[in-house]
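Student: So the chains spell out like this:
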Amino acid sequence: MAKAKLTFDTEKCKGCELCVTFCPKKILVLDSETNAKGYYPVTVTDIDECIACGTCAIMCPDSIITVEKE
Amino acid sequence: MAKKLMKGNEALAAAAIAAGATHFFGYPITPQSELIEYMAREMPKAGGCFLQAESEVAASYMVYGAGGAGARVITSTSSPGLALKQEGLTYMVAAQIPAVVINVSRGGPGLGNILPQQSDYFMCTRGGGNGDYYHPCFAPASVQECADLVTEAFDIADKYRMPVLILADGLIGQMMEPVEIKEATEKPIDKPWAADGGHVKRGEHNRINAMILPADGLEELNHVIQAKLKDYSENYVRYEAIDVEDADIVLVAYGTPSRACKNVLKKAKEEGLKFGLIRPISLYPFPKEAFDKINPNCKAIISVEQSCGQMIEDIRLSVLGKFPIKFFGRTGGNPIIPDAVYSYAKEVLGGKA
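First to last, the sequence lines map onto chains A and B.
The letter at position 29 of the first sequence is residue 29 when you use this note's numbering, and the numbering goes up by one with no holes.
Throughout, this note's numbering is defined as the position within the second sequence, counted from one, plus 1000.
For the record, the hints were derived by calculation from the structure and aren't laboratory data.
Among these hints, one or two may not hold up.
[Claimed, not checked] Which residues of chain B face chain A? A partial, calculated answer using Cβ under 7 Å:
{"id": "1", "residue": "Thr1030"}
{"id": "2", "residue": "Ile1114"}
{"id": "3", "residue": "Gln1174"}
{"id": "4", "residue": "Met1176"}
[Stated by the list, open to error] Only pairs whose alpha carbons sit at most 16 Å apart, straight line, appear in this in silico EDC-like list of lysine to aspartate or glutamate:
{"id": "5", "chain 1": "B", "residue 1": "Lys1004", "chain 2": "A", "residue 2": "Asp62"}
{"id": "6", "chain 1": "A", "residue 1": "Lys37", "chain 2": "B", "residue 2": "Glu1037"}
{"id": "7", "chain 1": "A", "residue 1": "Lys37", "chain 2": "A", "residue 2": "Glu11"}
{"id": "8", "chain 1": "A", "residue 1": "Lys12", "chain 2": "B", "residue 2": "Glu1037"}
Cβ coordinates follow ideal geometry from the N, Cα and C atoms, glycine included.
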């Protein structure tokens, strides 16, 4: 059972990978499909592993990640 | 105005409006799209004209028209878009039209990709269109510098009646930093040459024209352009030089890579090595005099660029064989990482590279 719900505002993501780098569980990756601007936005591989620490949301320079505790 | 957190692209746009720009023409392209989006939102509120052109070529001629009529006009694009705008730029130089042109550069050649790269150095500093000309070119390294240089670019453009180019790489365009948008310091100057219908007596005309058929007439225009460039080059050289007087290695970098190089300098200092940095802020004119300050016993100069090495040619012309020149670069949109520069510089210092 997932501890958290992650929402990405993918159209604003520029694929800088700061969240990917700093995720302690290493469950964030860049998607294989681009957004409208042409960037590969972030997505989550295994939401069940998420511990809702919020590090990704804190790291995101464009504030596109919302973390909600379930 | 208080500091705000803004993207480089937004700061460039906000500073242009604050500097009194009344017209924007452009065509969207990543990674500068936030600039045109900001203009679409804010320019009409400021009472100005925002128009999305059907192409980059069209946008550059809209700039030609508005500038020729005396408006403070700006356009922005990214690398392949600037290649398309070159025709309009050389026409603006010939017709002596002031304008500010922004290039938030991306990966090339061709359509390349949307990641930051600095491979437009030649196109931006050599006069990318036909004919004998250069135009002023500035390279900001922070969001604040983006805003400050736009303000100044408008004044320079008006003073010399030339297009002024700002070359920010895609990383600065996308990066958020606190920035203070300053109000314009100088009032827009009167433009008695403008084809606005208001400056001439009955029977006389102000003409904006990029074609001069008589040989002597065109030669005279070329001399006027060269005289303007000479005066400009003597007054607007900008650079930052750090610890070059006693450095064993001098790094040369502009834009984002210069920030990585500052970290390299910090690390070198911690380990007792003497590194210096020259950061050109004006790319045309290239700050040749900065290289005269370098320690005569300096072992090597390293050009650090997010390209396959273009600025290295200007460094060669500035150094004139006094020091060996090395190159460190990444391409394809890959960033310059301080650790990689540092280990390369140590190899150079040890005679291994």
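Student: Do the numbers back the hint for threonine 1030 of chain B, that is, is its least Cβ distance to chain A under 7 Å?
Tutor: Since the shortest Cβ distance to chain A is 5 Å, the answer is holds.
Student: If you take the shortest Cβ to Cβ gap from glutamine 1174 of chain B to chain A, is it below 7 Å?
Tutor: Hint holds; glutamine 1174 of chain B Cβ to chain A Cβ min 5 Å, cut 7 Å.
Student: Holds or violated: the hint that methionine 1176 of chain B contacts chain A, with Cβ atoms closer than 7 Å.
Tutor: holds, 5 Å
Student: Let's test the interface hint: is any C-beta of chain A closer than 7 Å to that of isoleucine 1114 of chain B?
Tutor: Cβ of isoleucine 1114 of chain B sits 5 Å from chain A, so the hint holds.
Student: Within 16 Å, alpha carbon to alpha carbon, are lysine 12 of chain A and glutamate 1037 of chain B?
Tutor: holds, 13 Å
Student: Given the proposed pairing of lysine 1004 of chain B with aspartate 62 of chain A, does the C-alpha separation stay at or below 16 Å?
Tutor: It holds: about 14 Å lies between the C-alpha atoms, which stays within 16 Å.
Student: Verify the proposed pairing of lysine 37 of chain A with glutamate 1037 of chain B, using a straight-line Cα cut of 16 Å.
Tutor: At roughly 12 Å apart (the allowed maximum being 16 Å), glutamate 1037 of chain B and lysine 37 of chain A satisfy the hint.
Student: For lysine 37 of chain A and glutamate 11 of chain A, compute the direct alpha-carbon distance and say whether it is at most 16 Å.
Tutor: Satisfied, since the Cα-Cα distance of roughly 7 Å is no more than 16 Å.
Consistency note: the structure conflicts with none of the earlier hints.
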